[in-house]
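**Q** First to last, the sequence lines map onto chains F and C. Its first residue numbered 27, the first sequence is counted upward by one per residue in the working numbering. Its first residue numbered 27, the second sequence is counted upward by one per residue in the working numbering.
FYI, nobody ran anything at the bench for these hints, they're computed from the structure. Please read all numbers here as calculations on a predicted model, not as lab measurements. Please note that the accuracy of each hint is not assured.
Pairs count within a copy or across copies, as identical chains cannot be separated in the list.
Computed cross-link-like contacts, DSS-like style, restricted to lysine-lysine with a CA-CA straight-line distance of at most 30 Å [unchecked claim]:
(1) 60 / 49
(2) 42 / 101
(3) 101 / 60
(4) 101 / 49
(5) 149 / 74
(6) 42 / 149
(7) 49 / 149
There are 2 protein chains.
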Amino acid sequence: MSMTLPLVRLIEAFQKLPGVGPKSAQRLAFHVLKQSSDDVGQFAEILKEAKAQIRECPECFNLSGQSPCEICRNKSRDANTLCVVAEPSDIFALERTGEFRGLYHVLHGLISPLHGIQPEDLKIRPLLARLGEANPIREIILALPPSIEGDTTSLYLSRIIQPLGISLTRIAFGLPVGGDLDYADNLTISRALAGRVPIS
Amino acid sequence: MSMTLPLVRLIEAFQKLPGVGPKSAQRLAFHVLKQSSDDVGQFAEILKEAKAQIRECPECFNLSGQSPCEICRNKSRDANTLCVVAEPSDIFALERTGEFRGLYHVLHGLISPLHGIQPEDLKIRPLLARLGEANPIREIILALPPSIEGDTTSLYLSRIIQPLGISLTRIAFGLPVGGDLDYADNLTISRALAGRVPIS
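Could you put the whole structure together from the sequences, leaning on the hints where they help?
**A** Right, here's the structure in full:
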């Protein structure tokens, strides 16, 4: 096909993004070419700036332009409760609800022997460091996904944390709100049954 | 939500792209942050370079890094046949088939009185200039979409071109290959009926 080289490169660059196929990449490329040079330059700057400025928070390993991150430095948050998540994006999902007012700890992955990811590859050692002597943490909530890797990691963490005398819970797995029993997969229904709670 | 500013900016920048909603934008942003600084810098460069280098071809108004574009300067293409399209992306769709060996002309839009787009806003005057005295063009194929705007533009062009004694056709509209009559919309079926051809 007689496609001009800078355009081929642009389409290929977009195609490397997750969830962007050949047709979407082409549409995105043409969209960029319709923008003003200033807009495209600004987009390019935002990309480079974000990459240059955003670092892992030294306390919770959330991604932030500040160190420590906005959540860790917020004195109005409850320092007694710690929510453990797999990825920084999970923090955003939880923050959207506005329900949780404690602090976070990002593992940056889940234990997966199949993919060669061992506990020492995750931010588990820094998590234990946060639970040391003078720590104010009274409850840890594991908000890891209901998968083999999530369950393995939850089990591993519970074995380490339980002897420390800290209250340990995990988020509930079950039927999503608005979900239909008919359309739910077997594993979700199994989890919903296993996690049944008494009606008070 | 306690989201760090450079990340908010990055997510907002992605959300401005067509077909990218809030969740996709967030996923794309986190993907970028997982890349190396070099990779992100390269992506930013490709964006700026493409925008800086790609211009409208002065002959056919296709987008290209060369002037005239790769298709116009290709001597092996049939200069007697001209295919008129609405957008540069339509050229790529046609080129993918490898069926058409002539030249193109991009209108950069369609006549749409409803949106205030008049014939003079499109590349119709340069099209007529290409059909002047010494022109080698013997056939014009209108490859405009089967919509009110596409039909209006086709009609407008046909009124101008027909008096010039140039053979004028338009691409066929009808049932797509692999398409089911059952699933086709009414307009497509109407067009397929109207465009019926004798069985030879």
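**Q** Take the hints in turn and mark each one as holding or not.
**A** Results for each hint:
1. In this assembly of identical chains, the alpha carbons of residue 60 and residue 49 lie at most 30 Å apart whether taken from the same copy (17 Å) or from different copies (24 Å).
2. For the identical chains of this complex, residue 42 and residue 101 are neighbours neither inside a copy (40 Å) nor across copies (34 Å), given an alpha-carbon limit of 30 Å.
3. In this homomeric assembly, residue 101 and residue 60 come within 30 Å of each other (Cα to Cα) only across copies, at 29 Å, whereas the closest approach inside a single copy is 46 Å.
4. Taking the closest pair of Cα atoms, residue 101 and residue 49 come within 30 Å of each other only across two copies (29 Å); inside a single copy the shortest separation is 47 Å, beyond that limit.
5. Proximity of residue 149 to residue 74 under the C-alpha cut-off of 30 Å is restricted to the intra-copy arrangement: shortest distance 26 Å within a copy versus 37 Å between copies.
6. For the identical chains of this complex, residue 42 and residue 149 are intra-copy neighbours only, at 28 Å inside a copy versus 34 Å across copies, given an alpha-carbon limit of 30 Å.
7. Proximity of residue 49 to residue 149 under the C-alpha cut-off of 30 Å is restricted to the inter-copy arrangement: shortest distance 26 Å between copies versus 38 Å within a copy.
Checked against the numbered hints listed earlier, the structure breaks hint 2 alone; every other hint is satisfied.
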